[in-house]
Structure formats: C-alpha cells, structure tokens
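Trainee: Below, each chain spelled out in residue letters.
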Amino acid sequence: MDIQAIEKILDADGIVFLTYGGFITQSLIAGMTDALERESEKKDLNQGLANNIFVIFIELSQNMMNYSKSREVEGDTFDPKGLIMVGKGENDAYYVLSQNILNDSDKNKILPKLEEIGQLDNDGLKKRYRELRKTGRDSHGQGAGIGFYEIAKRCESISYEFIPIGEGKYYFQFKAIVK
Amino acid sequence: METLRLEATQYTPEIVLDPAGVIAFSGKSYPENTFDFYQPVMDWLEQYFSSELPERTVVNMEIIYFNSSSSKLFFDMFDLMEEASAEHALEVNWIYDPENESAREAGEDFIEDFDSLTLNLVEKG
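First to last, the protein sequences are chains H and Z. When the first sequence is numbered by the working numbering, its final residue is 202 and no position is left out of the sequence of numbers. When the second sequence is numbered by the working numbering, its final residue is 1029 and no position is left out of the sequence of numbers.
In short, the hints are calculated from the structure, not lab data. It is possible that part of the hints are untrue.
Taking lysine-lysine and the DSS-like style, the derived pairs with C-alpha atoms no more than 27 Å apart in a straight line are [said to hold, decoys possible]:
no., chain 1, residue 1, chain 2, residue 2
1, H, 130, H, 66
2, H, 104, Z, 1028
3, H, 130, Z, 1028
Reference listing, derived: stretches of chain Z covered by chain H, where coverage requires no fewer than 3 residues with Cβ under 8 Å from a Cβ of chain H [said to hold, decoys possible]:
no., segment
4, 973-979
5, 990-998
6, 1001-1010
7, 1013-1021
The structure presented is a predicted model; accordingly, all values stated were derived computationally and were not measured. C-beta: ideal position from N, C-alpha, C; glycine also.
Generate coordinates for the entire structure from the input sequences, incorporating the hints supplied.
Mentor: Structure representation (structure tokens):
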C-alpha cells in the first residue's frame, strides 16, 4: 500500500483535510472540526472565512450522518461511501467537497432545493433563508431543512452532481467554494 | 425556579439560565439533535416567562459559529423572547469578535427579523 502516493495527491490538490469511508458520528465530526480549527489557526486564516468553512463542513458531514442514520432505522445494511475534504484552490479560495451515496427519495428532497438556490442571487438567497427559518416553533424534523441554504449563503459558489449507479442510487457530489 | 447550567462541550455552548434575569450562551453550537438538546432550555424559558419575573432580563449570546438547525432554534427562541418582551423589559446582546464577520451578519439578520425585540450588536473589545 502506497501511502506516499496518497500524500502526493493531497499535496498536489492543496487538500488540507480529508476523510473517507465508514460511518460518520457526531464525535467524529466534532473531532474533525477541531482539527480544521487548528489547521486554520496555523494558517492564520481570517476568522470569518474560517467559520464559513467550519459551518459548511459541519452541514455536509451532519447531512451524511443523518442519511446513514435514517438508512439504519430502515434496517438497511448500507455503505454510504462518505467522503469529505477541504482544500485550498486557486486565488486563495478554499473548497469543501463531499460525496456520498443517496437513493431516489433523498435526491427528490435535495434537488429542488439546490435548483432553487441556483436561481437566487445573494439578496434573494438571504431573503429565502430567513423565510424558511421562520416556519414557526416546533415545525422541524431532524434538521431545519435549511442546510443547503446556509451553505450557499456562506460561500462564493456551489456545484453538484447526481451520478446514477443503478438500483435507484446515486453518487451525490457537492462542492462549495469559499473565499 | 432554579438556575439551569450546562457546561460547554466541543459542539454545544455553555448555557446559564438564572431566574434572577441573566441568561447567557457562549461557545459553538452544532449538536447532533439540536432540538432535543435545546428542549430543556426552551422549557425553562417558557416556565420563566410565565412565572414572576425580575425587573428586567438580559440575554447575552456569544456564539462563535453554529449550524443551520441551531440558527432555526435561536430564531424560535428569539420569537419566544419577543413575545415575552411585550410586557417585560428584556434585551438581547448579540456579542461577536470584531474579526468574526459571519457572526456579526448573523446578528444583523436576527435584528431584521425581530422588529420589537431589543437586540444589540455588541463588538467584543
């Protein structure tokens, strides 16, 4: 096994943080966020930028955690193939990239939100976020349903893809660029 | 009523709810189940506002960063406070580090959403 090959890839792509595989738990997310905080202190990142990276990272990884949990409840043995990374791209921009396997019903929940977000400018996004947040006390499921709006508010741009892999399943790839 | 005190964790803030009228949140907020985690806080607040209140209530919120479900939860909490502040002197201090632009913006958003709640932006010195 060539760990150095992995290291080379990470260096070449400016990846500062990477996690792959298995189940994501809350304590793992907290540990990873802590590591990211140290990384950003070391790099002397602006605090506002750093916080945006943390929040995007948290939203994406908690999403993955919740998908896995709901699968478990359904009694599925299911490997979400979760991957999440944070890297430094061109012009001092950072990116947070995630990939995991979703089924049709997940896709049908997420896609309309992402399409709506894609059509909104900054002001529209802010307005929509606040509208959705206002849904009244006690009207929430596991999350608030505004995670992708939160992410979009905090980054320059998002891009995503649902790659079908058969049996109603997809690789969901998501990228947020933060400046 | 008794004081409710919760220690900070890696992903939840330190919380002090003192019936003498001092309420404080300080730290980060991204619990695994945000609404379950904050349920005792919301219950305490509802009970507090329906009991005999001190002259005034001061709420100090110093949250470095928070996930979207915490954002929703804080919205619901401010909603409760705004309701109570119709008949009670209550103010919220939204405290942030001058370098933490996103925390300031979050505070500005809340101000826009709550017309009749006194919400002060307080830059940490």
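Trainee: Do at least three Cβ atoms from the segment 973-979 of chain Z come closer than 8 Å to Cβ atoms of chain H?
Mentor: holds (count 5)
Trainee: Is the hinted pair residue 104 (chain H) and residue 1028 (chain Z) satisfied, with a Cα-Cα distance of at most 27 Å?
Mentor: It is violated: about 42 Å lies between the C-alpha atoms, which goes past 27 Å.
Trainee: Does residue 1028 (chain Z) sit within 27 Å of residue 130 (chain H), going by the straight-line distance between their CA atoms?
Mentor: 43 Å, violated
Trainee: Just to make sure I understand the rule, a stretch counts as covered if three or more of its residues have a C-beta closer than 8 Å to a C-beta of the chain. Does the segment 1013-1021 of chain Z meet that for chain H?
Mentor: holds (count 3)
Trainee: Please count how many residues of the segment 1001-1010 of chain Z have a CB within 8 Å of a CB from chain H and say whether that reaches 3.
Mentor: Our answer is that it holds, as 6 residues pass the Cβ test (under 8 Å) against chain H, meeting three.
Trainee: Please check whether the segment 990-998 of chain Z has three or more residues whose CB lies within less than 8 Å of a CB on chain H.
Mentor: violated (count 0)
Trainee: For a C-alpha distance cap of 27 Å, please report whether residue 130 (chain H) and residue 66 (chain H) respect it.
Mentor: Not satisfied, since the Cα-Cα distance of roughly 36 Å exceeds 27 Å.
Violated hints, listed in ascending order, are 1, 2, 3 and 5; each of the other numbered hints is respected by the structure.
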